[in-house]
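Number of protein chains: 2
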Amino acid sequence: MTIPFNPDRFWDSLDQMARIGATPDGGVKRLALSPEDDHARKLLRDWAIAAGCTVTVDRLGSMYCTYPGVEDTAPVAIGSHLDSVPTGGKYDGPYGVLLGLEVVRALHEAGRRTKTPIVVVNWTNEEGSRFSPAMSASGGAMGVITEAAVLAAPDNFDPSFTYADALAATGWAGTADPAKARDFAAYFEAHIEQGPILERDGIPIGIVTHCIGVEQWDIIVTGTDGHVGYPMPGRRDALAAASELILALERIAIETGGMATATRLTVQPDARGNIPSLVRVAGNIRHPEVDGNARMEVAFRAVVAEVTKRRGVAVDIRRVGGYPRVPFAPALLDALRRAADGAQLKRRDMPGPIPQDALHVGIVVPSALMFIPCHGGVSHHPSESISREWCAAGLATMGPAVIEAAGGLA
Amino acid sequence: MTIPFNPDRFWDSLDQMARIGATPDGGVKRLALSPEDDHARKLLRDWAIAAGCTVTVDRLGSMYCTYPGVEDTAPVAIGSHLDSVPTGGKYDGPYGVLLGLEVVRALHEAGRRTKTPIVVVNWTNEEGSRFSPAMSASGGAMGVITEAAVLAAPDNFDPSFTYADALAATGWAGTADPAKARDFAAYFEAHIEQGPILERDGIPIGIVTHCIGVEQWDIIVTGTDGHVGYPMPGRRDALAAASELILALERIAIETGGMATATRLTVQPDARGNIPSLVRVAGNIRHPEVDGNARMEVAFRAVVAEVTKRRGVAVDIRRVGGYPRVPFAPALLDALRRAADGAQLKRRDMPGPIPQDALHVGIVVPSALMFIPCHGGVSHHPSESISREWCAAGLATMGPAVIEAAGGLA
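Protein sequence lines correspond, in order, to chains A and B.
Each residue of the first sequence is one higher than the one before, starting from 0 at the first, in numbering that gives the first Met the number 0.
Each residue of the second sequence is one higher than the one before, starting from 0 at the first, in numbering that gives the first Met the number 0.
If we strip away everything but chain A, and leave its shape as in the complex, we get (with noise of 0.2 angstroms):
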C-alpha cells in the first residue's frame, strides 16, 4: 500500500531549485551558508511548510522539516544537502533533498500520515568547499565531530570569517541541539553516483552496502638539493622519487580493486635551476573490502621502503584524514531492494565509494543510502547531469522504502 508520487513534481523542483546560485555554464555554485544557499534554504522551507511540515534548525544551521505521524514516536529521515562546491552541477545534494519533499508533498497531497512522523533534513556544510572538514554538520549532530570545532571553522576563502559568523550573518542559527538527530528511527539518503557505473550497465538503482573507508595521507619526500647540471648518478632527486611513489599508489589500487589517487603535489625550491629537494604528495585512498586500505597501506610501505634506500631519500607518511568504513542497516537495504523490484526496476549492490553526510548519520543512526546514475559518472562540475527516468527510478524505490520504514500508511 503506498501513495501516488509526483516525479514530474520532483523533476520541476530540481529544475527551480537549480536556478538559485545558476551559474552560465549550467552549472550551480551555492556554498555553505552563502547569499545562494540561503535563498534555496527558504525556498525548501517554504516548500515545506505548504507540505504541512513545520520546520526546524538546529545549532549547526541543519533543517529539519517534519512532517507528522500519527504516533509521535522517533521519526525516518530523509535528506542530504542543498549546498554545492564552486563550480558544481544541479544534483549532487539536492537529488537527496527534494525526494525527501516530494515523498512528504505526495502524503500532504494525499491527505496520508505515516505511523511515524518522516523528517526531510538538509544537512549544512556537507562538501566542505567553503567550511572544513566536509560533512560538518552531519558529523557534529552525530558527534562524529564536536559541535564547537563546527562552528570555528574558517571561511576557506576569508579566514577572519567563521562557520558560526555565516550562521549568524544569514539567520540560520538555529536553536533545536543537532544530538536530537542521533534519535531518528532511520535515515535516508538518495545521492548520484558520482561514478559511471550504473549508467555503463544500463542500472537505474544502486543499492548501497557501505560507504567504503578512506585515508587521507600527506606523504613528504625529503632529497637533496643540486643544480640541474649535477650528474645523474648520486642525485637524490625528490620529484623523481615522489613519481615513482605517486605510480606505486595508482598500481597498487588497480592490483587490488580499490581507488588511489595523488591529489596535490608542491616543489621545494620550486625553481628552473634546481634539483627538487622536497616534495610534498596528497594521497587518498580508499578501497570497498573491510581490510583494503590495510593491505594497500602495506603494499604502498613496501615500495616507499624500497624507493627510499634505492634513492636515497626519506619518506614520511602522515595521515591527515580520513573516514571509517560503514555498513548500511540490512532491513533498511532489503526495503529498498523490494520497492526497486516491486517497481521493476533493475537493481545492484555497490560500495559507496564517496564520503556522504549519509555515512556521518550511519555510525550512530541504521541508515542506507541509494545511488541513482548521472551522465559519464561525472559530478563536481558544472556539466553534472540526469535523466528524468532515473530521477523517476530513485524516487519510485526511495519514497515507498521510506513509507515502510515510517510504519505504513496509517
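It is worth saying that the hints were derived from the structure and are not from the lab.
One or more of the hints may lead you astray.
The list treats identical chains as one, so a pair stands whether inside a single copy or across any two.
Mimicking SDA-like on lysine to any residue, the simulated pairs with C-alpha atoms at most 25 angstroms apart in a straight line are [stated by the list, open to error]:
hint, residue 1, residue 2
1, Lys-308, Leu-246
2, Lys-41, Asn-5
3, Lys-308, Arg-250
4, Lys-179, Glu-108
Let chain A serve as the given structure and place chain B on it in line with the hints.
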C-alpha cells in the same frame, strides 16, 4: 717566463669579499645590483685601481678593470661575476673575478706589463635570481639579448622595479658600450665546478672544452578531472601521466649520458577530492654531446606518444628557453693545459654542464673556461666550499695562460 702570483693574497681577497652579504649560515646573499652587490663592486673597484687599473662601467653595469699593456691593442679579458643567488656561497662567481684581479695585482707588484692590456671583468646579473634571464649582461654585451631587454627586466622580487631602475638607484649605470666587449682578443673564466667529478677523482683542474646545450621545456599534461572515488579504469589522471614522463626523462638521461630534471610541478584543480586534470612540469635537459639534446628529445617524444595514447591524456611540450652548445677556443685551452702541466697539476678535459658568462662570450670571442673542484659538488648553497690547494691550482694554471694570451711579459 712569468711572474710570481700570490695565492695567499687571492685566498684572503675571496675571504674579504665573502664578508659582503655574508649570511649567518656561512653563505652569501648578494643579489645583482643590491646594496651588497654595490658594496662588493666598490671593493673590486678600489682594489683594481690600487693595482694600476682604470675602471669603466658599461650601460648594463658590467665593470671592466683594465691593466694597460705596452701596446694599445685588443685586450685579453678574464672575469666572472660578483652577484649570488639568494642562498649562495662564497666562490660561485668571485673566484673567477678575483683570480683575474690577482693576475693584474701580481703584474702591478712586479712592475711589469703584458703586450696587450688585460681586462678584469665583473659581469652584472649572472645568476638571474633578481632579473631574468641569467647571464643577461654578458648576453647583452655579446648581442645574444638586446640591451633594451636586459634593462627592462623586472625585479623578480618587486616587479615594479626594473634592471634599469636598479642600475640608476645604485649608480652603476655606466656609459661604456657593452658591445665593445666583442672586441676582446680572448676571454678567460675560472669557476668552481658545481659538480662532484674533479674532487671525486682527485683532479684540481678541469679544462672545459665546451658549454653543453640546454633545453628548457614546459610539459603540459591535460587529463580529466573527477572525484577521487571514481574507479581506476577510465581515469585520465594528469599527475599519474606526468609521473611517468618525469621518470622517462630521468631514464633517458641516464641511458644517453645526459642530464634531465623535472624542477617544478603544478597541479589543477589542486584539491584533496579531485583527480588532477592539468599538470605543468618544468623540464631541463642538457647533454655533453653535439646531438645529445636532440636524441634525448626524440626518445622523450616517443614516450610521450605512448603515454598519451595509453592514458588518454594530451601532452604539449613547449620550449621556454635554453642555451646553445658553445665550444671553447682550442688555442686558449691548450694554453691552460700547458700551464697546468708546467705547474704539475693533474688536469682533465670535461664538458661544462652549467652555463656561465663564458658561454655568452664564447659565442663571439675566442674563450676558455676552467674549473676547480668544490667540496661535494655543492654550489648555490651556503656550504659551498673549496680548499686552499684548489684555489691556488686554478691561479697557477690560468695566471700564466692569461699572460701568454696577452702576448707575454713585455
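How the hints compare with the structure:
no.	hint	in the structure
1	Lys-308 / Leu-246	both (17 angstroms within a copy, 17 angstroms between copies)
2	Lys-41 / Asn-5	within (22 angstroms within a copy, 87 angstroms between copies)
3	Lys-308 / Arg-250	both (20 angstroms within a copy, 18 angstroms between copies)
4	Lys-179 / Glu-108	neither (28 angstroms within a copy, 94 angstroms between copies)
This entry does not satisfy hint 4, going by the numbered hints stated previously; all others are met.
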